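**Q** Single-letter residue listing:
Number of protein chains: 2
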Amino acid sequence: MEKREPVRHFQEELGQLKARILAMGGLAEDRVQSAVDGLVSRDPVRLDGVLKGDEPINQLHVEIDGLAFRLLALHQPMASDLRVIVAALKINSDLERVGDMAVNIAEAAHRYLALPPVKPLLDLPRMAEIAQTMLRDALDAFVKRDVDLAQSVLVRDDLLDNYKTQIFRELLTYMLQDPTTIEAGLELILISRHLERIGDHATNIAEDIIFVVSAKDVRHAQNLEP
Amino acid sequence: MEKREPVRHFQEELGQLKARILAMGGLAEDRVQSAVDGLVSRDPVRLDGVLKGDEPINQLHVEIDGLAFRLLALHQPMASDLRVIVAALKINSDLERVGDMAVNIAEAAHRYLALPPVKPLLDLPRMAEIAQTMLRDALDAFVKRDVDLAQSVLVRDDLLDNYKTQIFRELLTYMLQDPTTIEAGLELILISRHLERIGDHATNIAEDIIFVVSAKDVRHAQNLEP
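First to last, the protein sequences are chains A and B. If you're matching positions, the first sequence starts at 1 in the numbering used here and goes up one per residue. If you're matching positions, the second sequence starts at 1 in the numbering used here and goes up one per residue.
What the hints contain is simulated information worked out from the structure, not anything from laboratory work. Just to be clear, a hint being listed does not mean it is correct.
No copy is singled out in the list; a pair is fine if it fits within one copy or between any two copies.
Derived DSS-like pairs: lysine-lysine, alpha-carbon spacing no greater than 30 Å straight-line [as the list claims (entries may be wrong)]:
id, residue 1, residue 2
1, K52, K144
2, K119, K52
3, K18, K144
4, K90, K18
5, K119, K18
6, K119, K90
7, K164, K52
Only a predicted model underlies this, so the values are computations on that prediction, with no experimental measurement involved.
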């Protein structure tokens with residue numbers, strides 16, 4: 001049973017919504033970092049931590065949806081505030097899926113560690129770094145309402161795509177030359193796809209921020225705050 | 001320049017929003033169908049149609065977001081109507097990504113057709129059929145507000161996951177036995193992952209519908225319709 005509190009001031013709740021989004025972003029980032037670190041340092045315990053630790057992010061996912069819904073229902077926000085809340089709903093979905101990608105990476109890394117290694121991981125760590133920086137910058141742009149930073153995230157998506165293609169080609173070459181690397185190669189290909197998707201989610205978030213900051217309002221907002 | 005019309009009745013606009021969601025769902029479904037048909041019938045022209053034809057779905061994506069935002073801004077809907085609009089925003093994102101999956105499948109199928117075929121596609125067509133039925137049923141559940149049908153979509157996600165794992169294992173066996181099948185095998189593995197993701201999106205949609213229909217309202221809705 002939820003304890004009923006008096007309706008708090010709109011801006012305070014909106015601030016709380018943004019803070020929860022950032023907390024969720026931080027959690028998602030940490031989980032990706034742990035999955036990649038577990039792969040690089042060949043540390044199955046670290047990977048297990050990722051596999052077992054998705055409860056906090058799932059809780060935040062539900063909580064943020066609830067907060068956003070409550071803000072929409074109780075305060076009927078207009079214009080800029082409405083855009084922030086709608087963006088928060090979308091960003092929430094994207095961050096939850098980033099958390100899923102961390103799990104996917106940890107699962108693939110676990111299978112990879114059980115096989116003879118292909119090569120020192122090619123450019124996968126570099127790809128992970130780009131994806132994570134994109135995510136961090138997208139969330140930073142959300143806090144600062146920084147359209148330029150958000151734009152810079154969009155541009156980096158191609159870079160990630162190029163790395164993915166290059167890694168695919170390199171792994172294919174190994175697999176063709178030496179079929180004992182096929183299984184390990186497949187896992188690394190899957191990991192590169194998961195990293196690419198993290199970049200896609202960062203891109204979605206950046207697009208939402210551009211909408212929040214720069215959307216033209218069709219009409220003047222009525223101020224419905226209490 | 002958008003022509004200004006007088007503000008239409010809320011329920012009429014909400015009906016329009018639902019109709020656009022269904023139109024988008026239909027388009028997304030058609031595109032997945034064409035991509036899979038193009039693969040099965042080895043028809044590159046059909047695949048090209050998928051690669052070139054994403055403009056209508058992208059337009060609908062923007063249009064639906066705009067409609068939902070307009071409904072939130074102008075009518076300040078409460079309770080059940082608010083849930084429908086929030087769900088529409090989420091379903092819109094999911095359907096756009098299903099459209100992206102159709103493109104990914106068509107791209108992989110194109111590369112696959114240029115290679116010596118592995119085998120008669122294993123259970124990929126069956127997997128595609130399940131993913132598409134899940135999507136169709138999820139949209140049907142949205143129209144009919146049918147929680148049971150939505151629940152049945154959730155259950156089928158495991159089935160899809162099992163097919164994905166089985167296809168992966170079978171292809172891996174071929175690739176290990178005959179390295180000339182590696183490239184084609186990789187493309188089929190990627191296609192099975194795209195199909196799995198279509199099932200994930202159908203699952204997301206089904207979850208949204210359950211939220212729309214069964215969420216407990218915290219307080220009675222004020223009727224803010226004009």
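**Q** Against this structure, judge whether each hint is valid.
**A** Cross-check of the supplied hints:
For the identical chains of this complex, K52 and K144 are neighbours neither inside a copy (33 Å) nor across copies (37 Å), given an alpha-carbon limit of 30 Å. Proximity of K119 and K52 under a CA criterion of 30 Å is satisfied intra-copy only: 28 Å inside one chain copy versus 38 Å between copies. For a Cα distance limit of 30 Å, the shortest separation of K18 from K144 inside one copy, 11 Å, qualifies, whereas the shortest one across copies, 35 Å, does not. Taking identical chains as interchangeable, the C-alpha atoms of K90 and K18 lie at most 30 Å apart whether they share a chain (13 Å) or sit on different chains (19 Å).
For a Cα distance limit of 30 Å, the shortest separation of K119 from K18 qualifies neither inside one copy, at 42 Å, nor across copies, at 51 Å. With identical chains, the CA atoms of K119 and K90 are never at most 30 Å apart, being 38 Å at best within one copy and 41 Å at best between copies. With identical chains, the CA atoms of K164 and K52 are at most 30 Å apart both within one copy (28 Å) and between copies (23 Å).
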